[in-house]
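Starting from the structure of chain E, add chain Y where the hints point.
Residues per chain, in single letters:
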Amino acid sequence: MAEAKLQETPTEAMIASLDMPQGGWAQAAREDALARVRTMGLPQRRDEYWKFTRPDTLTQAEPVPAAIFDHGDAPLFDDTERLRIVFVDGVFDAEASDDLSLEGVSIDRLAAANSDLHWARDLYGKLEKNGQTPVARPLAALNTAYASDGVLIHVTGTPSKPINLVYHHKSETSDAMLHHVVKLDKGAEVTLLENGPAAARFNTVLEVEVADTARFHHVRAQGRDHERRAATHLFTRLGTESLFKSFTVTVNGAMTRNECVIELTGDDASAHVAGACVGDGDFHHDDTVFITHDAVNCESRQVYKKVLRNGATGVFQGKILVKEGAQKTDGYQISQSLLLDGDSQFLAKPELEIYADDVACSHGSTSGAIDEEALFYLRARGVSHAEATDLLTLAFLAEAVEEIEAEGLREEINGRLSSWLERRSS
Amino acid sequence: MLSIKNLHVKLEEEDKQILKGVDLEVEAGKVHAIMGPNGSGKSTLSYVLSGKDGYEVTDGSATLEGNDLLDLEPEERAAAGLFLAFQYPVEIPGVGNMTFLRTAVNAQRKARGEEEMSAADFLKEIRAKAKDLKIDADMLKRPVNMGFSGGEKKRNEILQMAMLEPKMCILDETDSGLDVDAMKLVAEGVNALRTEGRGFLVITHYQRLLDHIKPDVVHIMSDGRIIKTGGPELALEVENNGYADILAEVA
Numbered sequence: 247m248a249e250a251k252l253q254e255t256p257t258e259a260m261i262a263s264l265d266m267p268q269g270g271w272a273q274a275a276r277e278d279a280l281a282r283v284r285t286m287g288l289p290q291r292r293d294e295y296w297k298f299t300r301p302d303t304l305t306q307a308e309p310v311p312a313a314i315f316d317h318g319d320a321p322l323f324d325d326t327e328r329l330r331i332v333f334v335d336g337v338f339d340a341e342a343s344d345d346l347s348l349e350g351v352s353i354d355r356l357a358a359a360n361s362d363l364h365w366a367r368d369l370y371g372k373l374e375k376n377g378q379t380p381v382a383r384p385l386a387a388l389n390t391a392y393a394s395d396g397v398l399i400h401v402t403g404t405p406s407k408p409i410n411l412v413y414h415h416k417s418e419t420s421d422a423m424l425h426h427v428v429k430l431d432k433g434a435e436v437t438l439l440e441n442g443p444a445a446a447r448f449n450t451v452l453e454v455e456v457a458d459t460a461r462f463h464h465v466r467a468q469g470r471d472h473e474r475r476a477a478t479h480l481f482t483r484l485g486t487e488s489l490f491k492s493f494t495v496t497v498n499g500a501m502t503r504n505e506c507v508i509e510l511t512g513d514d515a516s517a518h519v520a521g522a523c524v525g526d527g528d529f530h531h532d533d534t535v536f537i538t539h540d541a542v543n544c545e546s547r548q549v550y551k552k553v554l555r556n557g558a559t560g561v562f563q564g565k566i567l568v569k570e571g572a573q574k575t576d577g578y579q580i581s582q583s584l585l586l587d588g589d590s591q592f593l594a595k596p597e598l599e600i601y602a603d604d605v606a607c608s609h610g611s612t613s614g615a616i617d618e619e620a621l622f623y624l625r626a627r628g629v630s631h632a633e634a635t636d637l638l639t640l641a642f643l644a645e646a647v648e649e650i651e652a653e654g655l656r657e658e659i660n661g662r663l664s665s666w667l668e669r670r671s672s
Numbered sequence: 040m041l042s043i044k045n046l047h048v049k050l051e052e053e054d055k056q057i058l059k060g061v062d063l064e065v066e067a068g069k070v071h072a073i074m075g076p077n078g079s080g081k082s083t084l085s086y087v088l089s090g091k092d093g094y095e096v097t098d099g100s101a102t103l104e105g106n107d108l109l110d111l112e113p114e115e116r117a118a119a120g121l122f123l124a125f126q127y128p129v130e131i132p133g134v135g136n137m138t139f140l141r142t143a144v145n146a147q148r149k150a151r152g153e154e155e156m157s158a159a160d161f162l163k164e165i166r167a168k169a170k171d172l173k174i175d176a177d178m179l180k181r182p183v184n185m186g187f188s189g190g191e192k193k194r195n196e197i198l199q200m201a202m203l204e205p206k207m208c209i210l211d212e213t214d215s216g217l218d219v220d221a222m223k224l225v226a227e228g229v230n231a232l233r234t235e236g237r238g239f240l241v242i243t244h245y246q247r248l249l250d251h252i253k254p255d256v257v258h259i260m261s262d263g264r265i266i267k268t269g270g271p272e273l274a275l276e277v278e279n280n281g282y283a284d285i286l287a288e289v290a
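Respectively, the protein sequence lines represent chains E and Y. Numbering (the numbering used here) for the first sequence: 247 to 672. Numbering (the numbering used here) for the second sequence: 40 to 290.
A couple of the hints might just be wrong.
Stated by the list, open to error - Here are some of the chain E residues that sit facing chain Y, going by a computed Cβ distance under 7 Å: (1) Trp-271; (2) Glu-619; (3) Arg-625; (4) Ala-626; (5) Ser-630.
Unchecked claim - Below 20 Å or equal to it, Euclidean Cα-Cα: the simulated EDC-like pairs (lysine to aspartate or glutamate) are: (6) Y:Lys-180 <-> E:Glu-651; (7) Y:Lys-91 <-> E:Asp-617; (8) Y:Lys-91 <-> E:Glu-633; (9) Y:Lys-149 <-> E:Glu-633; (10) Y:Lys-180 <-> E:Glu-648.
Worth flagging that the hints you see were computed from the coordinates, not collected in a lab. Please read all numbers here as calculations on a predicted model, not as lab measurements. Where a beta carbon is used, it is the ideal one built from N, C-alpha and C, also for glycine.
Bound-form chain E, shown alone (with noise of 0.2 Å):
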C-alpha cells in the first residue's frame, strides 16, 4: 500500500519509468543523486524558480512525441574538421563515429568506462550536486542518476580540432539522458562542439572543470525539429587564469530549458556565455543562468539575445552572485528580445546579489520591435523590407554570436540564423 502511494507523486512516478545502469565506478554517485531527487522532487508549477516556463512536459514520465523534422541543409560543422561522436536518439552510434584517439585528448564512453580507476569518478556528479543550492535542480540530479550514456573527456594538452558530439533525432517518442564530463589539465585547451536535436526529449548534464590557465570552448546547436524538448544543464568550475566560453543557438523547439552554473573559483579567471535564438509559434525558450565570483580580479559575462515571432516566448533568469572577498570583479550581463510582432513575449529576470565592495556589475534587459529609422534607411538605399529586416535581425544577434572566437564557427552559425530567416520569408 505505501509503495502505491508513492507511485503518485510526479517524482516517483519518473523514478519508476526508469532503469538505474547498475555497477561500475559511478554507482555511489547515481544513488547519491537518487536520494537527492527524492528529497528535492521534480520541478512544480509552483516553484519560483519555474515561474515563467512549465516543467511538466519535462517530468511526466512519458515524453511528449516530437515529429522529426528534415531541414535538408548540410549537416553543421561540416566546414569545420572534428572528431565527431554520434548519438541516436541518447545511443551510441559506433558506425557514425570517429575513432576516439586523438592527440591531446583522452576520451570514454560513460556507457563503456567500467573501471574501478577511472579518473571520471571524482568528477562525476560533482559539480551538478555543487550546483543545487542555492537553487534546486532536480532534472539535473535525476540526469546524474539515470543517465545512460554520455562522455568523458579528459584533456591533457591541446588537441589539434574540436571534438564534435552529433546527436541525431529518429524516434518520435525517444526520451534520452547522457551525461558529460569534460576534465581540463593545466594549461590544456578544447573546443567542444554539440549539434542537434537528440531525441523527443532531451535530458543533459554536462561538467566542466577547467584548471588553472586552461582554456574551455563550447558551441552549442540544439537542432531545428519544431516539436522537441530539452532540459540542459552546464555546470563549471573555474581555476586561476582559467577562461570558459559557452555559446548556444536555438533555432525552433517547443520546449528548451538551458541552465547553466558557473563557479570562478580561481583569480583572474573569465567566464563568458552567450545564447542566440530564434523561434515562432509555440517555441518556448528558457535561459537560467547563475555565476559565482568566488575569486578576485575575475570577469564574467552573459549575453543572451532572442528573436521572438508569432506568439513564441523567451524567458531569461540570470544572476550574478558576488562573494565577499571576490574583489575587483568584472561581471556583465544583458539579455534582450527582439519581438517581430505583437503576439510574442519576452519574460526576464535580471539578479544581482553582490557582498564585495570594489566590484563593477552592470545587467541590462531590453525588449523591443525592428528599429523603424534603421529600417527606413536601408530600404531608402534599395534595400527590400523582407532583406532588411533580415540585417537587422542578424546584427541584433550579432553580439551573442561574436562570443564565439573561432571564425569559421562563427560563420557557421550565422548561416544557420539566415537559413532560419530565409525559411520564415519563404
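Relative to chain E, chain Y alone:
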C-alpha cells in the same frame, strides 16, 4: 528629371498641413538649391520624396523620369534612381558598413534586372571611392555610422551616393554639423558626381554650402510653398539680408 506638381502633404498623426502646394522641376545635369527658414517644410519634402512613413499626400504629384514616385515603396524609389543623403544618418549596430553597401548596391541592381556586382569588383570600387572621401578601411569595417563623427557620417552618405550612382540626389542639410574642412571634402565629393545625366536638389539653411556646391537655380521655401526662385545671387541675398526681407517682399 524630378517633377513635383502642386504637392500637398500633411502629417498622418496630427491634422497638420506641412506642404501646401509645392511646384518644382529639376532638370538632368542641374543643381537646384532649396533654402528657407526652419519649419518651412524642406526636410518634409525630402522625406516624402524618399517614402518615409508618417506623411500623407493629400494632393499633387511627384515623378522621376515620368515614374510616379509616390506610388512606390522606398526601395523601389531607390532602384528607380532616387537618393536621399540624410540630415541625420542612422546608426545601425551590428551591420558592417561594407556589408550594408554591398547589399544595397546589389539589391538595386537586382531590382533593375542587372547582374550583381562581384565581391572583387565591389571591393576595388569602394576602396577607390572611399579614398577620395578620406574614408579609411576601419570606417568601412565598422557598423554603419557607429561611432562616426558628424563629418564622417556625412562623408559616408556621399560614399553611398558615389557607389549607388543615382540619377537624382537629394541632399538634406548635408552641411549641418560640418566644419569648413569637412564641408569642402563633402562638396568635392558631390561635385565629382555632377554629370549631365544627374540632377541634384540641395536643401540647406545656410548659404555657405552653396559656395562649394554652386547651384544653377535657388528656391526659397516658406510655410510649405516655394515663394521665390532665382539664380545663385538669391542665395547671396539671403546670406546678406536674412529671410525676413524676402518673406516681407512676397507677403
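Hints and how they fare:
1. The interface hint given for Trp-271 (chain E) is broken, as the beta carbon of that residue sits about 48 Å from the closest beta carbon of chain Y, more than 7 Å.
2. The criterion of a C-beta within 7 Å of any C-beta in chain Y is met by Glu-619 (chain E), whose closest approach is roughly 5 Å, and the hint holds.
3. At about 4 Å, the closest approach between the beta carbon of Arg-625 (chain E) and any beta carbon in chain Y falls short of 7 Å, and the interface hint on this residue holds.
4. Nearest Cβ of chain Y to the Cβ of Ala-626 (chain E): about 5 Å, under the 7 Å cut. The hint holds.
5. The restraint placing Ser-630 (chain E) at the interface with chain Y holds, with a minimum CB-CB distance near 5 Å, inside the 7 Å limit.
6. Among the hinted pairs, Lys-180 (chain Y) with Glu-651 (chain E) is consistent with the structure: their alpha-carbon atoms are about 18 Å apart, no more than 20 Å.
7. Among the hinted pairs, Lys-91 (chain Y) with Asp-617 (chain E) is consistent with the structure: their alpha-carbon atoms are about 14 Å apart, no more than 20 Å.
8. Between Lys-91 (chain Y) and Glu-633 (chain E), the direct Cα distance comes to roughly 17 Å. Compliance with the 20 Å bound is thereby established for this hinted pair.
9. Between Lys-149 (chain Y) and Glu-633 (chain E) the alpha-carbon distance is near 13 Å, which keeps this suggested pair within the 20 Å criterion.
10. In summary, the hint linking Lys-180 (chain Y) to Glu-648 (chain E) is supported, as the alpha carbons are separated by about 15 Å, within the 20 Å threshold.
Of the numbered hints listed earlier, the single one contradicted by the structure is hint 1.
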